[in-house]
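Here is how the chains run, residue by residue.
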Amino acid sequence: MDSALIPKGVKRCSFPQFSIGILIVGAVLLWGVYAMLLCWFKGLNQTGMNDSYGFALWIWADLAVIALGGGAFFTGLLRYIIGKDELKNIINFAVVIGFICYSSALLILGIDVGQPIRSWFIFWHVNVHSMLAEVAFCLSIYFSVLAIEFVPLILEQKQIDEIPFFHNLAHNMHEIMAVFAATGAFLSCFHQGSLGGVAGVLFGRPFAFREHLLVWPWTFFLFTWSAAAYGPCFTILLTKIMEGITGKKLVKDNVIDLLAKISGWMIASYMVAKLVDTWYWATVTAPSKGLTFMDFYSDGSGLYTIWIIIAELFIGGIVPAIILTNKSWRANKALLLIAIILAAVGVCLNRWVMVLQVMAHPVLPFEGWFAYMPSWQEVATTILPVAYGIILASLAYRYLPVFPQERELNPVED
Amino acid sequence: MKENHSNDKANKFGMVIDLDKCTGCGACMVACMSENNVPFKKDESKKLDSITWMHLYRLTNKKPFPDTEVCYLPRPCMHCEGAHGHPPCVSVCPATATDYDKKTGIVSQIYTRCFGCRYCMGACPYHARYFNWWDPVWPEGMENYLSPNVSPRMRGVVEKCSLCFHRYQLAMDKAYHEGRKELEEHEYQSSCTQACPAGAITFGDLNNPHHQVHKMVKPSKHGGKPTATNAFRLLERLGTNPKIYYLSSKEWVRRLGDNYLPEEKTGEIGNHQPKGHH
Numbered sequence: 001m002d003s004a005l006i007p008k009g010v011k012r013c014s015f016p017q018f019s020i021g022i023l024i025v026g027a028v029l030l031w032g033v034y035a036m037l038l039c040w041f042k043g044l045n046q047t048g049m050n051d052s053y054g055f056a057l058w059i060w061a062d063l064a065v066i067a068l069g070g071g072a073f074f075t076g077l078l079r080y081i082i083g084k085d086e087l088k089n090i091i092n093f094a095v096v097i098g099f100i101c102y103s104s105a106l107l108i109l110g111i112d113v114g115q116p117i118r119s120w121f122i123f124w125h126v127n128v129h130s131m132l133a134e135v136a137f138c139l140s141i142y143f144s145v146l147a148i149e150f151v152p153l154i155l156e157q158k159q160i161d162e163i164p165f166f167h168n169l170a171h172n173m174h175e176i177m178a179v180f181a182a183t184g185a186f187l188s189c190f191h192q193g194s195l196g197g198v199a200g201v202l203f204g205r206p207f208a209f210r211e212h213l214l215v216w217p218w219t220f221f222l223f224t225w226s227a228a229a230y231g232p233c234f235t236i237l238l239t240k241i242m243e244g245i246t247g248k249k250l251v252k253d254n255v256i257d258l259l260a261k262i263s264g265w266m267i268a269s270y271m272v273a274k275l276v277d278t279w280y281w282a283t284v285t286a287p288s289k290g291l292t293f294m295d296f297y298s299d300g301s302g303l304y305t306i307w308i309i310i311a312e313l314f315i316g317g318i319v320p321a322i323i324l325t326n327k328s329w330r331a332n333k334a335l336l337l338i339a340i341i342l343a344a345v346g347v348c349l350n351r352w353v354m355v356l357q358v359m360a361h362p363v364l365p366f367e368g369w370f371a372y373m374p375s376w377q378e379v380a381t382t383i384l385p386v387a388y389g390i391i392l393a394s395l396a397y398r399y400l401p402v403f404p405q406e407r408e409l410n411p412v413e414d
Numbered sequence: 415m416k417e418n419h420s421n422d423k424a425n426k427f428g429m430v431i432d433l434d435k436c437t438g439c440g441a442c443m444v445a446c447m448s449e450n451n452v453p454f455k456k457d458e459s460k461k462l463d464s465i466t467w468m469h470l471y472r473l474t475n476k477k478p479f480p481d482t483e484v485c486y487l488p489r490p491c492m493h494c495e496g497a498h499g500h501p502p503c504v505s506v507c508p509a510t511a512t513d514y515d516k517k518t519g520i521v522s523q524i525y526t527r528c529f530g531c532r533y534c535m536g537a538c539p540y541h542a543r544y545f546n547w548w549d550p551v552w553p554e555g556m557e558n559y560l561s562p563n564v565s566p567r568m569r570g571v572v573e574k575c576s577l578c579f580h581r582y583q584l585a586m587d588k589a590y591h592e593g594r595k596e597l598e599e600h601e602y603q604s605s606c607t608q609a610c611p612a613g614a615i616t617f618g619d620l621n622n623p624h625h626q627v628h629k630m631v632k633p634s635k636h637g638g639k640p641t642a643t644n645a646f647r648l649l650e651r652l653g654t655n656p657k658i659y660y661l662s663s664k665e666w667v668r669r670l671g672d673n674y675l676p677e678e679k680t681g682e683i684g685n686h687q688p689k690g691h692h
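Protein sequences appear in the order of chains A and B.
Letter by letter, the first sequence follows residues 1 to 414 in the working numbering.
Letter by letter, the second sequence follows residues 415 to 692 in the working numbering.
If you are wondering where the hints come from, they were derived from the structure by calculation, not from laboratory data.
Where is the CB? At the ideal position from N, CA and C, for every residue including glycine.
Some hints here could point you the wrong way.
A few chain A residues that don't get close to chain B, going by computed Cβ distances all over 12 Å [as the list claims (entries may be wrong)]: (1) Lys11; (2) Ala27; (3) Tyr388.
In silico BS3-like pairs for lysine-lysine, Cα to Cα no more than 25 Å straight-line [claimed, not checked]: (4) Lys42/A - Lys679/B; (5) Lys461/B - Lys42/A; (6) Lys84/A - Lys249/A; (7) Lys679/B - Lys632/B; (8) Lys333/A - Lys88/A; (9) Lys460/B - Lys42/A; (10) Lys42/A - Lys456/B; (11) Lys8/A - Lys88/A.
Use the sequences and the hints to build the structure in full.
This is the structure:
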């Protein structure tokens, strides 16, 4: 039915089969949209948040998808600026993932604020001292850059590509993509960093606060670094999931290996910095506020105990770093899969503690740990971008030449 | 924040709350809610989303009977000065919806500019900021008894204690009308101060050596740390530099005012100044 739209030389499932899949995910998306409308029309009383938990599941989701979507800017940097040419075979997909992640983050932010129609105040009445203002500016502009990076891929759609103007436009955009990749990397450094700064500047919250270098707390640099390190792992993970769903090999092993190796060394170097940061915070910063390291891990409910930092730093950091930096281990498909899953979990866990544990930890000595349970509306609106992402990625895969090596790896006999 | 006020005649309004006198009656909370049109819910059993600009904590020494001791601690917004007028909440607000007024020392909240991101709430270690999870609804007829001097807040914005700033404005209007630029101590008093039956709350200008609050705590010129015996501020060592001071003759109460390492003595936390934040 839609064969005229499918790229040349590749095979896709039947349109009814594709439609059923989209309808199932679409139902989940509608559930999320319903929850979103409830939040917009009835207000944030639809959530499980409270005055002690002003930042919760949504802000974590924002930070997590932006970190995971960091594969777009870092892969772009490696491909266009540093010149790792092999990565041209995965950059399209990295851009699609980045676009999905960043549009999701903007959507969640649009639901998360109490007065969404005033969101433009963040630009109009901007407070230049606020890390959140920096996030808003860089994130919005970078999303525009991602959209520009996405355009050539759309223009390469079979029917559009037949129109000479669009064909030439796509070609010319590819020629100057290094400029956008450089802009994207520059903006990403700031918004990823300022998202880290959101927590690091909170000098009233000893769990989050970090010492500063100039105007930036250490979390600024750690967040940028970790997004660059872990983002490519998420790109590889989604590529593997895509390969699993389609039953095809879409990217050659040498491309995956290169990205995994770079990611591994980035995670390893990030872990060194993160461990130094944790050590300094635990032995210098926290005691200067009258708190011991274990005060932050004494949650009676069992959630925020020492295990959470072990899970974040060891299981989600050191283990994937060791696997990915070892050539023979990352060549092992099972170990590679374990490493990229652990890495994705690790960075999400880091964003979780830097949002929710900050809120949960009692600063006043006469208060106890604060508990929070998300409402179904929060869960649904957090799943909403996942459903949207699956649909967009599916549409992109079906109709656009996302994976340049697909034809070569999966020859189709006409 | 951007205005360059002269600090020569700047006021620094604040409170001293004598915890030895506080009985925990809650009159300050009621007066505050009534004075400032603070909304309430039909069911107030879920306290974590109740709005209480003035909040009352119950502290105990955690000793078994008969050694159990209890202390009530009223907690308004601390109106922190931070370092050089940068309280924890003000510098984080992305839309400049909250501000530190160097003329009065009051941390304001502009309800019509706040878009409800709640970053300020996350930044405040005292939980002094509250979100309007619902639109305000008063029992039928009660809207006729709202204070005309304080605008009610809409759903989706943050609110907090303003140190009854409207009373300051009214007092200043009167003073200007009478050709004065300065207020007498009694002319500007917060509603909680006046409502306290035990006289536990004292309100005034911490910069003015003739005001009771100054005499009671003798704030140091650098950082405002109290020098009077038994005086303390909540979470002093975080560098928030609050303008709400407390008095207690009980060491265990003063110790609960801040976090201490086991080997540290109460009140001996050095001259830690906030560093690293801008």
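Now the hints, each set against the structure:
Distance check for Lys11/A against chain B: the nearest CB is about 47 Å away, which clears 12 Å, and the non-interface claim stands. Against chain B, the non-interface label of Ala27/A holds: every CB pair exceeds 12 Å, the least being about 29 Å. A cut-off of 12 Å between C-beta atoms confirms that Tyr388/A is not in contact with chain B; the least separation is 23 Å. Annotation: proposed proximity of Lys42/A to Lys679/B is violated, straight-line Cα distance about 50 Å (limit 25 Å).
Proposed proximity of Lys461/B and Lys42/A is supported: the alpha carbons are some 20 Å apart, at most 25 Å. Restraint check: the Cα-Cα separation between Lys84/A and Lys249/A comes to about 21 Å, which is no more than 25 Å; the hinted pair holds. Pair hint Lys679/B plus Lys632/B holds up; C-alpha atoms about 21 Å apart against a cutoff of 25 Å. With a C-alpha separation of about 22 Å, the suggested pair Lys333/A and Lys88/A falls inside the 25 Å cut-off, and the hint holds.
Among the hinted pairs, Lys460/B with Lys42/A is consistent with the structure: their alpha-carbon atoms are about 19 Å apart, no more than 25 Å. Taken as a hint, the Lys42/A and Lys456/B pair is honoured in the structure, with Cα atoms around 17 Å apart against an allowance of 25 Å. With a C-alpha separation of about 19 Å, the suggested pair Lys8/A and Lys88/A falls inside the 25 Å cut-off, and the hint holds.
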